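Peer 1: The task is simple: from the sequences and hints, build the whole structure.
There are 2 protein chains.
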Amino acid sequence: MTSPTRSSFRSIKDELARRIGERVWQPGSLIPGEETLAREFGAARATVNRALQELAQAGLVERKRKAGTRVAANPVRQARFSIPVVGDEIAALGKSSRYQLLSRQVRHAQKAEATRMGINPGEKLLHIACLHYADDVPYQYEDRLINLATVPRAEHEGFESVGPNEWLVNEAPFSRADFTFLAAAASEKEARLLNIAPGQPVFVGERLTWLLAKPITYVRMVHPPSHRLHTKL
Amino acid sequence: MTSPTRSSFRSIKDELARRIGERVWQPGSLIPGEETLAREFGAARATVNRALQELAQAGLVERKRKAGTRVAANPVRQARFSIPVVGDEIAALGKSSRYQLLSRQVRHAQKAEATRMGINPGEKLLHIACLHYADDVPYQYEDRLINLATVPRAEHEGFESVGPNEWLVNEAPFSRADFTFLAAAASEKEARLLNIAPGQPVFVGERLTWLLAKPITYVRMVHPPSHRLHTKL
DNA sequence: AAGTGGTCTAGACCACGTA
DNA sequence: ACGTGGTCTAGACCACTTC
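Chains as they are written, first to last, in full-length UniProt numbering: chain C, 1 to 233; chain S, 1 to 233.
If you are wondering where the hints come from, they were derived from the structure by calculation, not from laboratory data. None of the values given here were measured: they were computed from a predicted structure. C-beta atoms are modelled at their ideal positions from N, C-alpha and C, and glycine is treated no differently. Certain hints may be false.
Said to hold, decoys possible - Have a look at the derived ranges for each label pair, beta carbon to beta carbon:
#1 Ala-197/C to Pro-32/S: 57 to 67 Å
#2 Ala-112/C to Leu-102/S: 39 to 49 Å
#3 Glu-166/C to Lys-189/S: 21 to 31 Å
#4 Gln-26/S to Arg-23/C: 45 to 55 Å
#5 Thr-36/C to Leu-102/S: 43 to 53 Å
#6 Ala-44/C to Val-162/S: 20 to 30 Å
Claimed, not checked - Chain C residues, not near chain S, derived (Cβ > 12 Å throughout):
#7 Glu-34
#8 Glu-62
#9 His-108
#10 Arg-228
Peer 2: Structural data, given as C-alpha cells:
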C-alpha cells in the first residue's frame, strides 16, 4: 500500500502534533530532545529536526538552543485575506475602474520614511500619489514609496496609464507583506480627493512589501467610509 | 566575521531570490536543476534543495518532479493575521486588562439577527454587551450574539468576571471564522462607552464563527481611533 | 563549560510526471 | 523509461544559551 510508516519527517510531525493536540504534552512543557526522539522513531536526527522545524514554523512549538523545545502556550489562530490588485478589486464589485496619476517624484528618503521602510536615510525613492475610481466614484487614494535600490527599473516608468500597484505585481515579486489597518479622520486633502467631508471616517490600509530581506514598497491606501475588508477562506 | 560564509542555504536562497527579483530569470522560466546549482555554489545538493524549498514556500518558485523548478508567474497573494483573545492582545501591549459586563440577556432571534447569523428567526440567543479596558482606558466595546442551539452551556454562564471571548475560546472551538473590517463614525452610545466624541472615527471588526456548519457566535468589536490591526508574518 | 538546536555534506534510494 | 525533485542517513562541526 502507500507505506507502512517508514520513518518520514511527515509522520513524525503528525505524531508530535497529535501529542500536542491531545495534551499528551501540556502547553508550555518541555518535550524530548532531537536525539531522544530520533531514537524513539528510529530515524536520523536530521529527520526529526525537519519535523520540529516545521512545527515551530506552524507555531505549535518554540525552540531555543540549549533550552530545548517547548509546546507553545497558546497556539495562534489565524485568518487570511487576499491581496488583490486594486483594479481587480473594483472589477469584482462589478464596477469599472479608472486610474488617475496625481504626482510622481524621485527623491531621497527622509528620516521618517527611511525608518518606516527599514532603509537608510538618503536612499533613492520614487514617490507616487494616485487615485482609483469605481464607476467614477473615488474608491482609493494611494500614496506610495518605491525603493529604487530594490526596483531600479521603476525609475524609468511613467505610471501615466498603468497604476504602480499593477506594475509592481508584474515587475517586482515580493515574498512578504506586512499590513496595518486603522480608522482615521479624513484630512483636508484626502477629503477633497475622495469627495467626502473633512473629518469623515476613512478606512486606511498600510502595506510594506519585501523581497526576502529587501524592502520594495510602502503604500498607504485610503478608502471612503463605505469600504469593507473581508477575509477570504 | 562578515566574510561570506561559504555555501549556506541562506546565502544560496538570497542569491536565487536576487536573480528572480532582478529578472535575471524571467517569470515562468525554468531555472537550473539542483545538481547544477549545487555545482555552481559548491554546495551539497541537500543544501540547494533546502534553499529552493523555502523559495517555493515563499511562493517565488514552483517545483515539479521531472518538470523542474520554474519562477512563479504571480507570487504571494495572501496575508494572515492572528486572532488573539482580547485579554492577550492587551497584555501584548504591556497593559493590564479589565473586563466589564454591560448587559446579558437571553432572547429569541429577530429577523435581521437571524439573517446575519444564518439561523432561523426565533432561535434562542444570548446577547451580551461588554467593555474591555487597557490600563483603564476603553479598548474595545463588544456586542455579541451567541447561538444557544450550538453552545447550550453558555446559558448557564454569567459572564460577570470571564469575558465571552475567553470563555468561548476555551469551551467552544471553532473551525471557521469570517471577518469584516470597516471604519465608521461613533454612535452616541459607542462614543459614551469608549470615552470619545460622537462622530469620531472608530475601527470596527465583525466576526462570525462556526463549528463546522453550525453558527456559534457573531460579534461586533468597536475600537477607538487609536487602534491598529497588524498582520503577523 | 556543556547541552541543545542549526546546518552542512556525501551518498543513496524513492516517487512522481513527463515524454 | 527516465530525469528531476523529495527524502533519508550517518557523521560532523558550529552557534547560541543557559548553567
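Peer 1: Beyond 12 Å from every chain S Cβ: check whether that's true for His-108/C.
Peer 2: 22 Å, holds
Peer 1: Can you tell me whether the CB distance of Gln-26/S to Arg-23/C sits inside 45 to 55 Å?
Peer 2: 50 Å, holds
Peer 1: Tell me if the beta carbons of Glu-166/C and Lys-189/S are separated by a distance inside 21 to 31 Å.
Peer 2: 42 Å, violated
Peer 1: Confirm or reject the statement that Glu-62/C sits farther than 12 Å, beta carbon to beta carbon, from all of chain S.
Peer 2: 14 Å, holds
Peer 1: Given a hinted range of 43 to 53 Å, is it respected by the beta-carbon distance of Thr-36/C and Leu-102/S?
Peer 2: 52 Å, holds
Peer 1: Far enough from chain S: is every CB of that chain over 12 Å from the CB of Glu-34/C?
Peer 2: The assertion about Glu-34/C holds, with a minimum of 17 Å to chain S.
Peer 1: Okay, Ala-112/C versus Leu-102/S on CB: inside 39 to 49 Å?
Peer 2: Check passed, 40 Å falls within 39 to 49 Å.
Peer 1: Within 57 to 67 Å or not, the Cβ separation of Ala-197/C and Pro-32/S?
Peer 2: Hint holds: Cβ distance 58 Å, inside 57 to 67 Å.
Peer 1: Is it true that Ala-44/C and Val-162/S lie within 20 to 30 Å of each other by Cβ?
Peer 2: 47 Å, violated
Peer 1: Could you let me know if the closest chain S CB is still more than 12 Å away from the CB of Arg-228/C?
Peer 2: At roughly 5 Å from the nearest Cβ of chain S, Arg-228/C sits no farther out than 12 Å, so the non-interface label is violated.
Hints 3, 6, 10, counting from the list given before, are not met by this structure.
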